[in-house]
Amino acid sequence: MAMRMTIGCLLVAVGALFGMVPVVAHHSVTGEFDPNKIVTFKGQVTKIEWTNPHARIYVDVAQPNGSIVNWNVELAAVSALVRNGWTRSALKVGDTVSVEGLHARSGAPIANARSVVLPDGRKVLSGTVDQ
Amino acid sequence: MLLVTMAALPAQSPERGQVSISTQRRTGPPAGPVPRLPDGTVDLSGVWVGGGPINDIEREGGLKPGELDALLLPSAKALMASRDVTMEPHNRCLPMGVPRTTPFPFRIVQTPTHKAATHLFILQEGNIHSYRQVFMDGRKHPPDLDPTWYGHSIGWWEKDTLVIDTVGYNDKFWFDRRGTPHTEQLHTIERWTRLDLGRMENKVTIDDAGAFTKPFTVTFMATLSPPGDELMEYICQENNQYGVHTIPGFNPQTGETKK
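First to last, the sequence lines map onto chains C and B. Numbered according to the working numbering, the first sequence terminates at residue 131, and the numbering increases by one at each position without gaps. Numbered according to the working numbering, the second sequence terminates at residue 259, and the numbering increases by one at each position without gaps.
Don't read these hints as lab results, they were simulated from the structure. Hints may be right or wrong, so weigh each one.
[What the hints assert, rightly or not] Listed next, the in silico BS3-like pairs over lysine-lysine satisfying Cα-Cα at most 30 Å (straight line):
1) C:K37 / B:K203
2) B:K214 / C:K37
3) B:K259 / B:K214
4) C:K47 / C:K123
5) B:K203 / B:K77
6) B:K214 / B:K64
[Claimed, not checked] Label-pair ranges, simulated between beta-carbon atoms:
7) C:A108 / B:P89: 20 to 28 Å
8) B:Q237 / C:T96: 31 to 39 Å
9) C:T96 / B:L195: 43 to 51 Å
10) C:R122 / B:S75: 36 to 44 Å
11) C:D120 / B:G210: 55 to 63 Å
12) B:G179 / C:A108: 19 to 27 Å
13) C:D60 / B:T205: 25 to 33 Å
14) B:N239 / C:S98: 21 to 29 Å
15) C:N65 / B:P252: 30 to 38 Å
16) B:E238 / C:A108: 33 to 41 Å
17) B:R139 / C:T40: 57 to 65 Å
18) C:R88 / B:D196: 30 to 38 Å
19) B:G138 / C:A108: 49 to 57 Å
[Claimed, not checked] Computed footprint of chain B on chain C; a stretch qualifies when at least three of its residues, placed anywhere within it, have a C-beta under 8 Å from a C-beta of chain B:
20) 28 to 42
21) 45 to 57
22) 91 to 99
23) 102 to 108
24) 114 to 123
Ideal Cβ placement from N, Cα and C applies to all residues, glycine included.
This is chain C alone, in the form it adopts within the complex (with noise of 0.2 Å):
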């Protein structure tokens, strides 16, 4: 459960995030997040944000340490996310998810979602749901 950060693979990164998945965001990504800064991470979800501009679900991550720190995880908008096939039902609150994205540029606990995997390997609320 431990968090863990990875540095690297940035072109691979940013080519998945801009071109494979059709990622449709009301701003620039790179302005609040660094493309530079994978950050991947394990934890229960403790809250699903069904709105606009970005839906949102926020991620309990337990620390070596024994605490817990509450990631707020930046996903597309709610009317792209259905356009590409997800419904709200698509997670549900105490699902354990691991999450990997662009961590914000302030160093705080908020990530933009590159994917979000359930327990059985079904990737969710990225890509389109018949990919």
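Got chain C; can you put chain B on it based on the hints?
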């Protein structure tokens, strides 16, 4: 034709039991002839995506690298140099202006009357729910306009092309994420031509003696969204957290960042 296209798409989605709009969009716009109203006028109605700049008006508008930058007056060049993407009005849920677009679709609606349409509306899903109102009844621009985000638009048909002439803009919106600027002297002439069922060209002449040494023309393409796609609610102000805790020193009220 359409059914054949749909059948060729990947297996049904487990989530919704249908192929997503995004997947259908990737297969390209639908093919077919230009649809027309009973009086012969081109029918522009439908849900469209694109047709304007987002990241870079020079590149996306079909100009050569540096071509537009070379037209900037020194004051406009200095203003552009002072901007970075975190300062965009867009980020604070303010309108995008003209000719800019977003990744979200828009719908064109003409009001039917016993004669011809008197108004044409461009209903925009994003970046904020807003609309453009185009007067089609032959009126002229008023002489003294309060500057606004979408200005005062009058429209008419030149053969099969819808011409929208707009003045009375404010200077607050950016043409693109690079911060390409303009002034309140901005005058745009859009020429919308539906090339076929699925594609609509927007050739825009931008005339602003306050920012550019001469007028220039940029060209964009809008595509028809797949059948079944509709405008959706998109309330940008609902949960906009732009920059609040992500950018050190950012003021969400002004969009400025304290260095």
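Tested hints:
1. C:K37 / B:K203: violated (40 Å)
2. B:K214 / C:K37: Measuring from Cα to Cα gives roughly 43 Å; hence the hint is violated.
3. B:K259 / B:K214: Given pair K259 (chain B), K214 (chain B) is violated - Cα atoms ~36 Å apart, limit 30 Å.
4. C:K47 / C:K123: This hinted pair holds, its Cα atoms lying about 18 Å apart.
5. B:K203 / B:K77: OK: K203 (chain B) and K77 (chain B) at ~24 Å, within 30 Å.
6. B:K214 / B:K64: Distance ~16 Å between K214 (chain B) and K64 (chain B) Cα, so the pair holds.
7. C:A108 / B:P89: 20 to 28 Å: Because 24 Å falls inside the window, the suggested range holds.
8. B:Q237 / C:T96: 31 to 39 Å: Since Q237 (chain B) and T96 (chain C) have Cβ atoms about 32 Å apart, the given range 31 to 39 Å holds.
9. C:T96 / B:L195: 43 to 51 Å: Holds, since T96 (chain C) and L195 (chain B) (Cβ atoms, about 50 Å apart) stay within the stated range.
10. C:R122 / B:S75: 36 to 44 Å: Since R122 (chain C) and S75 (chain B) have Cβ atoms about 54 Å apart, the given range 36 to 44 Å is violated.
11. C:D120 / B:G210: 55 to 63 Å: With Cβ atoms ~59 Å apart, the hint holds.
12. B:G179 / C:A108: 19 to 27 Å: holds (26 Å)
13. C:D60 / B:T205: 25 to 33 Å: violated (55 Å)
14. B:N239 / C:S98: 21 to 29 Å: holds (24 Å)
15. C:N65 / B:P252: 30 to 38 Å: holds (32 Å)
16. B:E238 / C:A108: 33 to 41 Å: violated (21 Å)
17. B:R139 / C:T40: 57 to 65 Å: holds (59 Å)
18. C:R88 / B:D196: 30 to 38 Å: holds (37 Å)
19. B:G138 / C:A108: 49 to 57 Å: For A108 (chain C) against G138 (chain B), whose Cβ atoms are near 56 Å apart, the range 49 to 57 Å holds.
20. 28 to 42: holds (count 5)
21. 45 to 57: holds (count 6)
22. 91 to 99: violated (count 0)
23. 102 to 108: holds (count 4)
24. 114 to 123: Coverage by chain B is violated here, the residue count being 0 at a Cβ distance below 8 Å.
When held up to the earlier numbered hints, the structure conflicts with 1, 2, 3, 10, 13, 16, 22 and 24 and fits the remainder.
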